[in-house]
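Using the sequences provided together with the hints, build the complete structure.
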Amino acid sequence: MKAIVVDRNRPGRPLLWQDVADPACGEDDVIIDVQATALNRADLLHREGNFPTTPGRSEILGGEAAGRISQRGSAVRAWSVGDSVVCLTLGGGYAERVRVPQRLLMPVPAGLSMAEAAALPEAYLTAYGNLFVNARLQAGETVLIHSGASGVGTAAIQLARLAGCRVIVTVGSAEKARLCEAMGADLAIRYHEEDFVARAMEFGGGEGVDVILDTVGAGYLQRNLELLALKGRLLLIGILGGTQTEINMRQIISKRLAVLGDTLSKYSVAELADMKDAFLRDFGEALDDGRLKPVVDRVFPIQEAEVAHQRMAENKNVGKIILTVREH
1 MKAIVVDRNR PGRPLLWQDV ADPACGEDDV IIDVQATALN RADLLHREGN FPTTPGRSEI
61 LGGEAAGRIS QRGSAVRAWS VGDSVVCLTL GGGYAERVRV PQRLLMPVPA GLSMAEAAAL
121 PEAYLTAYGN LFVNARLQAG ETVLIHSGAS GVGTAAIQLA RLAGCRVIVT VGSAEKARLC
181 EAMGADLAIR YHEEDFVARA MEFGGGEGVD VILDTVGAGY LQRNLELLAL KGRLLLIGIL
241 GGTQTEINMR QIISKRLAVL GDTLSKYSVA ELADMKDAFL RDFGEALDDG RLKPVVDRVF
301 PIQEAEVAHQ RMAENKNVGK IILTVREH
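Just so you know, we're using the working numbering here: the sequence shown kicks off at 1 and counts up by one.
None of these hints come from the bench; they were simulated from the model. Note that the structure is a prediction, hence the values are computed from the model and not measured. Think of the CB as a built atom: it goes at the ideal place given N, C-alpha and C, for glycine as much as any other residue. Check each hint, because a few of them may be wrong.
What follows is a set of in silico ranges between Cβ atoms, one per label pair, in the way DEER data are often shown [stated by the list, open to error]:
#: 1; residue 1: ARG10; residue 2: MET201; range: 46 to 56 Å
#: 2; residue 1: LYS231; residue 2: PRO11; range: 27 to 37 Å
#: 3; residue 1: SER80; residue 2: ALA174; range: 19 to 29 Å
#: 4; residue 1: LEU260; residue 2: HIS192; range: 23 to 33 Å
#: 5; residue 1: GLN222; residue 2: TRP79; range: 41 to 51 Å
#: 6; residue 1: THR54; residue 2: GLU314; range: 44 to 54 Å
#: 7; residue 1: GLU306; residue 2: THR245; range: 27 to 37 Å
Okay, here's the thing in structure tokens:
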């Protein structure tokens, strides 16, 4: 089969579409003929050698995929060859075929194209797991979502609104602000023009926010702590603004704050499967009836993965960037 391979011996670590060995199918696995996969920040970090991985993960990029089952292991009973599925992967999504444990599979939701389906797993499971499992977000609470127009951000807006929460986002442009507000955000703060702490405090009458979903890291840490209300929860899922900073810990103690870090790459297959099952239990109906729908930014053929990576690196995307591998 063909797959995207990172050439780590050349400047810039170019992405090459070339022949590699086919994945082997274990008894609890399926092989998926990939039709589409999606970009994640983890792919850019993995390409640079700066991403934590776990044993058993493929060296090929790509943490999610949508396609059809072409082979199944001897212990697989719930799925058949030819079924259309979407899933998190243990790496390997940037390829014509990928091996996936059967417990990670989801049916492609009604009404979604394969490209839209490929935008689903990483964004929605990251948002769901952090907001509703880690932070235990409740109806009536206020959540601030940094990088609101990203894949995870747009998923988090939809999930929080369905749960009856007030939603504030930070974005980098007027276009991104309009998108987030159209999706249900109560306030979109353009961080280049406004101080997000002051604006969010003003919006909430000085009360602060209950939960913050943060992709920035060190650059926002102290301000996030200042913005959180009593018993607030800070969810750290990215380090776009750096990994080291100095903070005043008094805020954490005096307001009884919780600071939680999370990355799906460190979950076991069982943990990922349990997360997927809980998400479908709580929001599967909303997926099927269209109340939840992934936002797709651009679709590129996989041979143009280099161009797609550059678009994400420049923060131009609004929603998820998709790579198509085959049409049918």
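Each hint, compared with the structure:
Evaluation of the 46 to 56 Å hint for ARG10 and MET201 yields a pass: the beta carbon distance comes to about 49 Å. At roughly 49 Å, the beta-carbon separation of LYS231 and PRO11 lies outside the given 27 to 37 Å, and the hint is violated. Hint check: SER80 to ALA174, Cβ distance near 48 Å, so the stated range 19 to 29 Å is violated. Judged by the Cβ atoms, the range 23 to 33 Å given for LEU260 and HIS192 holds: they are separated by roughly 28 Å.
Restraint check, GLN222 to TRP79: a C-beta distance of roughly 48 Å satisfies the suggested window 41 to 51 Å. At about 29 Å, the beta-carbon gap between THR54 and GLU314 misses the expected band of 44 to 54 Å. Hint check: GLU306 to THR245, Cβ distance near 32 Å, so the stated range 27 to 37 Å holds.
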